[in-house]
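Participant: Chain residues, written in single-letter form:
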Amino acid sequence: MATRQTQSLARLMRAPAIILLLIWMIVPLAMTLYYSFLNYNLLNPANTSWARFFNYQYFYTDPAFWASIWNTLVLVLGVLSITVIGGIGIAMLIDKPIFGQGIVRILVISPFFVMPPVAALIWKNMIMHPSYGVFADLAKFLGMQPVDWFAQYPLFSIILIVAWQWLPFATLILLTALQSLDGEQMEAAEMDGAPAVQRFIHLTLPHMARAITVVILIQTIFLLGVYAEILVTTNGGPGNASTNLTFLIYRAARLNFDIGGAAAGGIIAVVLANIVAIFLMRAVGKNLD
Amino acid sequence: MARAVSRNTRIGWTIAAWFVALLIFFPILYAIITSFKTEQEAIAGFDLIPSFTLDSYREVQSQYNYFRPFMNSVVIAVGSTVLALIVAIPAAWAMAFSPTKRTKDILMWMLSTKMMPAVAVLVPIYLIFLRTGMLDTRTGLVIVLMLMNLPIVVWMLYTYFREIPGEILEAARMDGATLGQEIVHVLAPMAVPGIASTLLLNIILAWNEAFWTIQLTTTNAAPLSAFIASFSSPQGLFWAKLSAASTLAIAPILIMGWFSQKQLVRGLTFGAVK
Amino acid sequence: MGSITLKNVRKAFGEVEVIPGVDLEINDGEFVVFVGPSGCGKSTLLRLIAGLEDVTGGQIQIDGKDVTDAGPAKRGLAMVFQSYALYPHMSVRKNIAFPLKMAKMSEAEQEKRVSHAAKILNLDSYLDRKPGQLSGGQRQRVAIGRAIVREPSAFLFDEPLSNLDAALRVNMRVEISELHNNLKTTMIYVTHDQVEAMTMADKIVVLRAGNVEQVGSPMELYAKPRNRFVGGFIGSPNMNFLEGAAAAAHGAHAIGVRPEHWQLSTTEGAFPGKVGVAEHLGSDTFLHIQLNDGTPIIARAEGEFPVHHGDNIWLTPQDGRVYKFDKQGLAL
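For the protein sequence lines, the chains are A, B and C, in the order given. Reminder that position 111 of the first sequence reads as 1222 in our numbering, one-by-one numbering, no gaps. Reminder that position 22 of the second sequence reads as 53 in our numbering, one-by-one numbering, no gaps. Reminder that position 70 of the third sequence reads as 1279 in our numbering, one-by-one numbering, no gaps.
If you are wondering where the hints come from, they were derived from the structure by calculation, not from laboratory data. Take these hints with a grain of salt, some might be off.
[Said to hold, decoys possible] Restraint-style ranges between C-beta atoms, simulated for each label pair:
1. B:Thr131 to A:Ala1305: 17 to 23 Å
2. A:Asn1152 to B:Val109: 37 to 43 Å
3. A:Pro1156 to B:Val109: 34 to 40 Å
[Unchecked claim] Below, a list of computed lysine-lysine pairs in the DSS-like style, where the Cα atoms sit at most 25 Å apart:
4. C:Lys1310 to C:Lys1321
5. C:Lys1339 to B:Lys293
6. C:Lys1303 to C:Lys1313
7. C:Lys1283 to C:Lys1216
8. A:Lys1207 to B:Lys293
9. B:Lys132 to B:Lys145
Even glycine gets a Cβ: it sits at the ideal position worked out from N, Cα and C.
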């Protein structure tokens, strides 16, 4: 029933959420855009002046920027490939008729609920520490030289930690998709003589395609913003070896007090995120009706 | 799939699945075990049997006043979620039960605000907080986390509310219920489970948030995520104590998380996967 | 009392006119069925009567009183929805008692009416279950129970059987008819199934594209369809239509012959053809025939008629059983 009275009531009910989000989205973003054209350093605020495109130019010529873009890309793609492939495998494993399925599920999804600083510190100190970590113990047990993971393979180490955090998410969503797969369809394919590998390629994968897309897109949004894991492990180093775009902007803003530069970096981050967002919105939008 | 499989196959799959599950769970398990070790045991090499001492838990409280960040986390996570619900319930309600042509656009736009990288607005938010004295206050964090999670809250509630069939509301109207009675007797009881799941998932998200909490707090208002991040150098906190602090930080949320597995899928995929 | 009058009732959703204007008279105690293909506006018409939709124009009267602007609860009608629309969080007892509770009836009276309704509908042993624990047929009964207890002036049914399987549908059909015989309350019943319409109705209203095509008793519609649409819609299997020379011989643009009105012969007749599929049911035989000019025909013979696939057959319409239609489809 869509009488006029309920319509105006509905507008009133929607308004607060819309207005709040509008402010939250437009005001800071406009400010970021404005600052990005300023020479503005918090250590020397008196010297603020128009910079035009200098901040962007600066980023463009700064090797640290390109390194951070590259690191961001490697981090996102690395984590995505581990979590998607691992997620499909683990989801299929859990979907098998196993004993204690409920507990296995709980164990597998647990890392998702561990806050990033805790996850990173556990891995840094108890698992990957060059002298006291479990990996070092294992290496010693096998008679090998322990690896100083964060010094030698900083980006890989972070990828490993972040992948551990997101593997449960991918697994859980892919498992949900897998469980909606029609059993009769599988049996029909079996009757038609399709071997297991063919069934996986022609039935399971296409059925999960949508879920895989969603996993990739949503994770990408979050992975572009990986921050705490870097802060508590490598602090972006050695050098810029594990600095991603988020961390670079954080450093510019909070450690170098370069408001203009950080703002320009923020705008670049928005552009990057938007490219992903467009695809994600399409995938989600299709499901609205 | 209710297909008969031989017992051996089943046992084989079970062993494989449990192996993988324990491997994934191992870091958490190991942190829990280490929290019951003494500091000497903690760095003495791989050992799954601790001496079951509670010293670390005691010291985390006495040396670092653990209770303060814990309460900050509770206030900030619960506060921001409840605030978000207060704003989101009417909005989602209106969009689900009196949709207009633009409802879909509004929802998509709300979703798009979630895509904005936090770091892009770090500079202005930090400066606003700096100038208004909101840095290192719980209020400030409650506001930011509330706004950050608002789109997810609206979306989750919307998908739940939409599952309440319109015919039920019409039936209540035919049965003589007024709008008030309709809400009290029919809608509210049907909406409560959805609202509860939304609450649960968003407390989890707010509890684990580790960008704004680190940027906008130092000591007074620092929740657990910022508190623990400040111990990134090992000299700050020894491992058994770090493990104890970590265990306390993740235990409540881990348990809540186990209960909200199903809602997790829906909430984090914006209803795209159910 | 429950007489309902519609005067030039119109409904438009935005630009789209769903019901261009309907006049209808429903007498107290009548069982009226709105029937028509999907999208014909029958459900909308029912919802207008219920008050769940606002009319765009015209007037609705119940027992002579104008209720056009009255809310659904004020009209004294009860409705059974297609999805049953039971309250999932309430027990069967509470579901049935809900309208009474809304009417602020005393607990004792509520209890009395609920147990009475439960007895009529065989729900006694399920009163404390939740709707989720019931089968489709049981849910249907609860929905009817919720309608009965209010002692409404009329019942509205919106395709109530479409979610049930075939066997259950036949049972519920009989139960609803019996209920009508016992209660003698006006019932308006919407369906797209002409068998339900024929078997249950005192009066059938055939709708197409929001227009009333014909109103009448089942036998009136069967014997004297006003146009080709009604002729084809009422009766199962559908009426066979012939055009061209065969129709011209009767002085019409098209003629219609019902499957049961053919004289069948294996030797001679008006229209020669070949038997395609022959369905031998024992009590009847249904023949799918292709005439020599290609027209497909369905014919029904009583009892066993021994022909098989590929046999030659001749069809002759029974005397006085030919429906004649003009170019516009109107009956001649």
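Participant: Mind listing which of the numbered hints don't hold for this structure, in increasing order?
Facilitator: Going through the list in order, the structure violates hint 1 alone and respects the others.
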